[in-house]
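Kindly produce the complete structure, drawing on both the sequences and the hints.
My numbering runs 4 ahead of the 1-based position in the sequence shown.
These are computed hints drawn from the structure, not numbers from a lab. Heads up, the beta-carbon is just placed ideally off N, CA and C, and yes, glycines get one too. Mixed in with the good hints, there may be bad ones.
What the hints assert, rightly or not - As a list, the in silico SDA-like pairs of lysine to any residue whose alpha-carbon atoms are at most 20 Å apart:
hint, residue 1, residue 2
1, K90, E113
2, K90, A130
3, K90, T52
4, K259, A193
5, K259, D6
6, K259, D196
What the hints assert, rightly or not - Distance windows between CB atoms, simulated:
hint, residue 1, residue 2, range
7, D104, N128, 21 to 31 Å
8, Y114, F214, 14 to 24 Å
9, A229, E113, 30 to 40 Å
10, E183, E219, 14 to 24 Å
11, S88, E183, 29 to 39 Å
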Amino acid sequence: MDPVTVLSYNVRHAVLDDDEHAWRLRRDGVAERVRAAEPDILGVQECTGEQHEQLAADLPGYEWVGVAAEPGSGEHTPIGYADSWKCERTETIWLSESGDPGSVGWDAEYPRVLTTATLRRPANGAVLTVVNTHFDHVGERARLESARLARERIDALPADRPAVLLGDFNAEPGSEPYESLIGDGFDRALRDARIAARERAGPATTLTDFESSRERIVDHVFVTAEWQVDRYAVDDTRHEGAYPSDHLPVVVSLKR
5 MDPVTVLSYN VRHAVLDDDE HAWRLRRDGV AERVRAAEPD ILGVQECTGE
55 QHEQLAADLP GYEWVGVAAE PGSGEHTPIG YADSWKCERT ETIWLSESGD
105 PGSVGWDAEY PRVLTTATLR RPANGAVLTV VNTHFDHVGE RARLESARLA
155 RERIDALPAD RPAVLLGDFN AEPGSEPYES LIGDGFDRAL RDARIAARER
205 AGPATTLTDF ESSRERIVDH VFVTAEWQVD RYAVDDTRHE GAYPSDHLPV
255 VVSLKR
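And the structure:
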């Protein structure tokens, strides 16, 4: 398989449209950071339907899959993929006891989803599965149960299928949900790309307050054992003097 670049980016809700950090002021910067990374595949979090449509317009050359976590303008966790790839299968599951569309799980504040896409590169026949998610920021049990559901989703894939799990997990290294994501007890092992990378770049944080680092890593890329992680980078480039989001994009270069 040729090298694959993946990107995870929490772009911050447009509904939080305060004057200084309104989406209309940040939109160009978000698209600029994605274009700079030239990812084959990207997972976006905290993205309303309107933002999803605008990013699709701003990033020609990508196709998108994913649905809202709740009806209307609820959060999407879409997956975008370069047009050199084709989507063979996509699915959305709700992170809750019932799994019903729009349902809120455990002690979470909002409905949360896993978006899954199985992608094929026709040029060489390579196949991989990408899972994008955004764990709840309030519910401790919800984050732990969501980690279990994410691991089960990876386990359900064919045993030789390379997979990537990425997103905003609202869980720092060492926390119980994080340890569940990389721990034992499942058929398929997952590794944190930040730890596995041969080269690292950027700050040791994925959060900002739009002005400075908050020194917390909550956005992660996890990979199955088939992958070699060449490079892990957190992009802290500013746009017109400010960060385009309150999170920084995470860019990972992979190969088999």
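Hint-by-hint comparison with the structure:
no. : hint                     : result
1   : K90 to E113              : 34 Å, violated
2   : K90 to A130              : 10 Å, holds
3   : K90 to T52               : 24 Å, violated
4   : K259 to A193             : 17 Å, holds
5   : K259 to D6               : 6 Å, holds
6   : K259 to D196             : 15 Å, holds
7   : D104 to N128: 21 to 31 Å : 39 Å, violated
8   : Y114 to F214: 14 to 24 Å : 22 Å, holds
9   : A229 to E113: 30 to 40 Å : 34 Å, holds
10  : E183 to E219: 14 to 24 Å : 20 Å, holds
11  : S88 to E183: 29 to 39 Å  : 36 Å, holds
Hints 1, 3, 7, counting from the list given before, are not met by this structure.
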